[in-house]
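Asker: Kindly generate the complete structure, drawing on both the sequences and the hints.
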Amino acid sequence: MYLKTFYRHFNNRPYLSRRNDTWLCFEVKTTSSNSPGSFYSGVFRNQGPRYCPWHTELCFLTWVRPIVSHHHFYQITWYMSWSPCANCAWQVATFLATHENVSLTNYTVRIYYFWRQDYRQGLLRMIEEGTQVYVMSSKEFQHCWENFVDHWGTRWVTCWNRLKKNYEFLVTRLSEILSDPKERISPNTFYNQFNNTPVPRGRKDTWLCFEVKEKNSNSPGSFHRGVFQNQVFSGTSSHARRCPPDHHYEVTWYTSWSPCAHCAWHVVNFLTSNPNVSLTIFAARLYYIYRPEIQQGLRRVFQEGAKVHIMSLKEFKYCWAKLVYNSGMRFMPWYQFNFNFLFPNTTLKGDLH
Numbered sequence: 001m002y003l004k005t006f007y008r009h010f011n012n013r014p015y016l017s018r019r020n021d022t023w024l025c026f027e028v029k030t031t032s033s034n035s036p037g038s039f040y041s042g043v044f045r046n047q048g049p050r051y052c053p054w055h056t057e058l059c060f061l062t063w064v065r066p067i068v069s070h071h072h073f074y075q076i077t078w079y080m081s082w083s084p085c086a087n088c089a090w091q092v093a094t095f096l097a098t099h100e101n102v103s104l105t106n107y108t109v110r111i112y113y114f115w116r117q118d119y120r121q122g123l124l125r126m127i128e129e130g131t132q133v134y135v136m137s138s139k140e141f142q143h144c145w146e147n148f149v150d151h152w153g154t155r156w157v158t159c160w161n162r163l164k165k166n167y168e169f170l171v172t173r174l175s176e177i178l179s180d181p182k183e184r185i186s187p188n189t190f191y192n193q194f195n196n197t198p199v200p201r202g203r204k205d206t207w208l209c210f211e212v213k214e215k216n217s218n219s220p221g222s223f224h225r226g227v228f229q230n231q232v233f234s235g236t237s238s239h240a241r242r243c244p245p246d247h248h249y250e251v252t253w254y255t256s257w258s259p260c261a262h263c264a265w266h267v268v269n270f271l272t273s274n275p276n277v278s279l280t281i282f283a284a285r286l287y288y289i290y291r292p293e294i295q296q297g298l299r300r301v302f303q304e305g306a307k308v309h310i311m312s313l314k315e316f317k318y319c320w321a322k323l324v325y326n327s328g329m330r331f332m333p334w335y336q337f338n339f340n341f342l343f344p345n346t347t348l349k350g351d352l353h
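Numbering of the sequence shown is given in the UniProt record's numbering, commencing with residue 1 and proceeding in unit increments.
Simulated from the structure, these hints should not be mistaken for laboratory data. Wrong hints could be hidden among the right ones.
No farther apart than 25 Å at their CA atoms in a straight line, the calculated lysine-lysine pairs in the PhoX-like style are these [what the hints assert, rightly or not]: (1) Lys215 with Lys314; (2) Lys314 with Lys349; (3) Lys317 with Lys349; (4) Lys139 with Lys165; (5) Lys322 with Lys215; (6) Lys307 with Lys139; (7) Lys139 with Lys4; (8) Lys307 with Lys322; (9) Lys322 with Lys204; (10) Lys139 with Lys29; (11) Lys307 with Lys213; (12) Lys164 with Lys4; (13) Lys317 with Lys213; (14) Lys213 with Lys314; (15) Lys322 with Lys213; (16) Lys4 with Lys29; (17) Lys349 with Lys307; (18) Lys215 with Lys307; (19) Lys165 with Lys4; (20) Lys215 with Lys204; (21) Lys215 with Lys317.
Answerer: Shown next as structure tokens:
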């Protein structure tokens, strides 16, 4: 791209007018065990309906689909003037969900409508499918200057006095988005992460579907529902801090793993400090339940008044209906579903009493 174009559209001021175009610089690296890899790079631009009705992300997906082969792995890196809109984010997530041999890293100059919930949820869907999202730092600006700009041998010079402050502001906004609960999760994520197989492989993350309900209240603000990934305690306690002590709250968790010993003691401390909060935990699997410290932690949670159960078919169906983008499909239990429920259910009852 032209030098002036880069300076105009890759300005990292959080709020910019007259920058309706989105520019996307990309790199695609392929790897294969049988042949040397390939490398592609280039720039896409959307120019509105008069030129190209698709946003840059969709232009890229249209271009890359014929290139992708199941015989290779693909590492894609984007450097974007704006982060994806809600619609594009969902289409990117769908592409990644159907191409498990593709990984995406997205560096963005500015975050598009970061205060709107639908745009925030779009970014979270991309992240759920494995996208790594970052705000462009000076290092990425330098990289784009050297590889995507016709700079005629001139050095990249920071023309924006507030580049660092703008970067820090946007990093804070992105961190806030990443700490948001997801509204729902994809069917693939639910089937993969909530599978109640006793010894699942590759399930190191913990997923927590939650509901927070104010007892004896029907006001719109008295009910919260969402999904956290590896942000169990911080996210839930942030909801609890907004709970006035003169109200009673019923909290329900549906977790892929039961709490570890460390988290269990945090839960105990939280329940002790907030007697107006009752907690019910449904776990798909028991986390290292044979360890004494894990057993003791769950027992203390139980003694503080929390109800702890193993997820049965009823809870799986409920999560599927309320917290999964199910597209009208029914939940289908997998092989040995009931058998996988019975053993941990018996084990948990014995450990709690």
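Asker: Are the hints correct? Go through all of them and say.
Answerer: Each hint tested on the structure:
1. Distance hint between Lys215 and Lys314 is fulfilled; the C-alpha atoms sit about 23 Å from each other, no more than 25 Å.
2. Simply put, Lys314 and Lys349 have alpha-carbon atoms about 18 Å apart, close enough for the 25 Å limit, and the pair holds.
3. Restraint check: the Cα-Cα separation between Lys317 and Lys349 comes to about 23 Å, which is no more than 25 Å; the hinted pair holds.
4. Proximity of Lys139 to Lys165 is assessed by CA-CA distance (about 15 Å); at most 25 Å being required, the pair is judged to hold.
5. Straight-line distance between C-alpha atoms of Lys322 and Lys215 comes to about 20 Å, which keeps the hinted pair within the 25 Å bound.
6. Between Lys307 and Lys139, the direct Cα distance comes to roughly 50 Å. Violation of the 25 Å bound is thereby established for this hinted pair.
7. Between Lys139 and Lys4, the direct Cα distance comes to roughly 19 Å. Compliance with the 25 Å bound is thereby established for this hinted pair.
8. Using a Cα cut-off of 25 Å, the hinted pair Lys307 and Lys322 holds, with the two alpha carbons roughly 21 Å apart.
9. A C-alpha spacing of about 24 Å is found between Lys322 and Lys204, which places the hinted pair at or below 25 Å, so the restraint holds.
10. For a cut-off of 25 Å, the pair hint linking Lys139 to Lys29 stands: about 20 Å separates their Cα positions.
11. Simply put, Lys307 and Lys213 have alpha-carbon atoms about 16 Å apart, close enough for the 25 Å limit, and the pair holds.
12. With a CA separation close to 21 Å, the supplied pair Lys164 and Lys4 stays within the 25 Å bound.
13. Using a Cα cut-off of 25 Å, the hinted pair Lys317 and Lys213 holds, with the two alpha carbons roughly 20 Å apart.
14. A distance of roughly 20 Å separates the Cα atoms of Lys213 and Lys314; the hinted pair therefore holds under the 25 Å criterion.
15. Proposed proximity of Lys322 and Lys213 is supported: the alpha carbons are some 15 Å apart, at most 25 Å.
16. About 28 Å separates the Cα atoms of Lys4 and Lys29, which puts this hinted pair outside 25 Å; it is violated.
17. Our distance criterion of 25 Å between C-alpha atoms is met by Lys349 and Lys307, whose separation comes to about 11 Å.
18. Between Lys215 and Lys307 the CA atoms are separated by roughly 17 Å; this keeps the pair inside 25 Å, and the hint holds.
19. Only pairs whose Cα atoms come within 25 Å are accepted, and Lys165 paired with Lys4 is accepted, the gap being roughly 22 Å.
20. A threshold of 25 Å between alpha carbons decides the hint, and for Lys215 with Lys204 the separation of about 34 Å lies outside it, so the pair is violated.
21. With a C-alpha separation of about 24 Å, the suggested pair Lys215 and Lys317 falls inside the 25 Å cut-off, and the hint holds.
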